[in-house]
Amino acid sequence: MVTYGQEILARVRALCEADPEREACGFVVRRAGALEVLAVPNVADRYHAHDPAQFPRTSRDSYLMDPRAQLRVHEELEASGGEIVAVWHSHVEVGAYFSAKDRADAVVDGLQLLPGAEYLVLGVRGGRVDEVRRYRFDGGDFVEAKLE
Amino acid sequence: MPVTLRLPAVLAKAAGGKTVHEARGATVGEVVGDVAGRFPELGPRLRDAKGEPYPYVIFYLDDEDIRFQQGFATPVPDGAEIVVVPAIAGG
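Top line first, the protein sequences correspond to chains A and B. Under this note's numbering, the letters of the first sequence match residues 10 to 157, in that order. Under this note's numbering, the letters of the second sequence match residues 1499 to 1589, in that order.
Hints are computed from structural coordinates only; laboratory data are not their basis. As the structure is a computational prediction, the values presented were derived from the model and not from experiment. The C-beta atom is built at its ideal place from N, Cα and C for all residues, glycine as well. There may be inaccurate statements among the hints.
[As the list claims (entries may be wrong)] The following label-pair restraints were derived from C-beta to C-beta distances:
id: 1; chain 1: B; residue 1: Thr1525; chain 2: A; residue 2: His59; range: 17 to 23 Å
id: 2; chain 1: B; residue 1: Glu1579; chain 2: A; residue 2: Leu156; range: 38 to 44 Å
id: 3; chain 1: A; residue 1: Ala19; chain 2: B; residue 2: Gly1535; range: 48 to 54 Å
id: 4; chain 1: B; residue 1: Gly1577; chain 2: A; residue 2: Thr67; range: 34 to 40 Å
With the rest of the complex left out, here is chain A (with noise of 0.2 Å):
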């Protein structure tokens, strides 16, 4: 199981508490064996706009990360030999936790969407993240696991 470690979750804590108000998301991959973070735009608010009703929610209180940065980061990674080791997103005003809409939006017919990856979310509180969780998916479900 992979171990973080403080520089890369002071990174994490940092790009959602840039953006307090709404989600922020992005990955953590890991290439030539070094962890790296990277932020991705949450498009949630411009799916909101077009069309409300597919896309009820806003980014205060749901992530949509941009498909084409998503797109790009796969590539990316291809190219390089790189993976993706977890994906990270923020919840505001309400603490951390892998909400129902989490797991439904992770799994595609009972398998992972990014198989392998876990997820990390961060809750923010007055503009300060206070807590963090880690899930990983075992058994066919998403399960907490202690945050290293």
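Start from chain A and add chain B according to the hints.
Below, chain B alone, put in the same frame as chain A:
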């Protein structure tokens, strides 16, 4: 000239194990229909019962989501590549 439909790995199982498919069609919907016609399991994963795209299955053409173009009616130039991206999202 055929166009290319590139699927994410998570959908390849429903498409004969391949992620890249040559197809024909004047619109994105026709291209999707062409490939889905060859792989019956794939169709319901790419479009709903009304034949429309699902919210979190995103089709990219010319570096833009077709949702912000003309949806499945978006014209497809010869030789173009349509990339299917499963949105990474949550609440």
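Q.
A range of 34 to 40 Å was offered for this pair. Does it hold for the Cβ distance of Gly1577/B and Thr67/A?
A. For Thr67/A against Gly1577/B, whose Cβ atoms are near 38 Å apart, the range 34 to 40 Å holds.
Q | CB-CB spacing for Leu156/A and Glu1579/B relative to the 38 to 44 Å hint | A | Hint holds: Cβ distance 40 Å, inside 38 to 44 Å.
Q. Between Ala19/A and Gly1535/B, is the Cβ distance one that fits in 48 to 54 Å?
A. Given a distance of about 51 Å, which is inside 48 to 54 Å, the answer is holds.
Q: Determine whether the Cβ-Cβ distance between Thr1525/B and His59/A falls within the hinted range of 17 to 23 Å.
A: Holds, at about 20 Å.
Hint compliance for this structure: every hint is met.
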